[in-house]
Amino acid sequence: EAGVAQSPRYKIIEKRQSVAFWCNPISGHATLYWYQQILGQGPKLLIQFQNNGVVDDSQLPKDRFSAERLKGVDSTLKIQPAKLEDSAVYLCASRPGGGRIGETQYFGPGTRLLVL
Amino acid sequence: AQTVTQSQPEMSVQEAETVTLSCTYDTSENNYYLFWYKQPPSRQMILVIRQEAYKQQNATENRFSVNFQKAAKSFSLKISDSQLGDTAMYFCAFMKPKNNDMRFGAGTRLTVKP
Numbered sequence: 001e002a003g004v005a006q007s008p009r010y011k012i013i014e015k016r017q018s019v020a021f022w023c024n025p026i027s028g029h030a031t032l033y034w035y036q037q038i039l040g041q042g043p044k045l046l047i048q049f050q051n052n053g054v055v056d057d058s059q060l061p062k063d064r065f066s067a068e069r070l071k072g073v074d075s076t077l078k079i080q081p082a083k084l085e086d087s088a089v090y091l092c093a094s095r096p097g098g099g100r101i102g103e104t105q106y107f108g109p110g111t112r113l114l115v116l
Numbered sequence: 001a002q003t004v005t006q007s008q009p010e011m012s013v014q015e016a017e018t019v020t021l022s023c024t025y026d027t028s029e030n031n032y033y034l035f036w037y038k039q040p041p042s043r044q045m046i047l048v049i050r051q052e053a054y055k056q057q058n059a060t061e062n063r064f065s066v067n068f069q070k071a072a073k074s075f076s077l078k079i080s081d082s083q084l085g086d087t088a089m090y091f092c093a094f095m096k097p098k099n100n101d102m103r104f105g106a107g108t109r110l111t112v113k114p
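Chains as they are written, first to last, in the working numbering: chain A, 1 to 116; chain B, 1 to 114.
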């Protein structure tokens, strides 16, 4: 079974530029998460999707971050414009999401973003 | 709000020895799930072990076991017979079953020395 795929793996941009990250979850997984992991910290949830609907985006800085999962499969996270403090690893995770509680989340390799 | 605390930023252990990583959490929930994830250098995060709060028996996965103390809100990870491949960041995580929302600790960097 293929795991969670993310691209690109690395990205370097200058502040005020825009950037987009892509995630393809494990096949059949209805629930998808985006996390931000700043160096030396644990992952922090940005947004959670159930199919193509947003379940929780309370910690997403909506003035600059946006995310979509239009067809309920792959997802894109965008930052526009980027700030220095956005430098982090952006992790995508998925789980089956069939209504079972306590489901394990499966993580992708992450996209490491450096904003100069 | 739930918080997860890992008080050991870094630890090291000799190969083949045993090491215990600490984790405490704060919650008013009675039913929840706890996880330990491993993140090797430049590699993706993988699940090591999970514990359901309503189960009194401590979870075990091969060389990995937990000491779950619900009253003390403590969830430590014991790694027996440490191997070089165990070198990684280890994250403790708390999940509320209501929405499967997961909160992570800051992590413990474990180095296994030959």
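Think of the hints as simulated: they come from the structure by calculation, not from any bench.
Owing to the predicted nature of the structure, the values given are computational and were not obtained by experimental measurement.
One should not assume that every hint holds.
Going by beta-carbon spacing under 7 Å, a handful of chain B positions derived as facing chain A [as the list claims (entries may be wrong)]:
1) A16
2) Y33
3) P40
4) M45
5) I49
6) F64
7) F104
8) G105
9) A106
10) T111
Chain B residues, not near chain A, derived (Cβ > 12 Å throughout) [stated by the list, open to error]:
11) S28
12) K73
13) Q83
Even for Gly, the Cβ is constructed at its ideal location relative to N, Cα and C.
Consistency of the hints with the structure:
no. : hint : verdict
1   : A16  : violated (29 Å)
2   : Y33  : holds (4 Å)
3   : P40  : violated (11 Å)
4   : M45  : holds (4 Å)
5   : I49  : violated (10 Å)
6   : F64  : violated (15 Å)
7   : F104 : holds (3 Å)
8   : G105 : holds (5 Å)
9   : A106 : holds (5 Å)
10  : T111 : violated (16 Å)
11  : S28  : holds (18 Å)
12  : K73  : holds (17 Å)
13  : Q83  : holds (22 Å)
Checked against the numbered hints above, the structure violates hints 1, 3, 5, 6 and 10; every other hint is satisfied.
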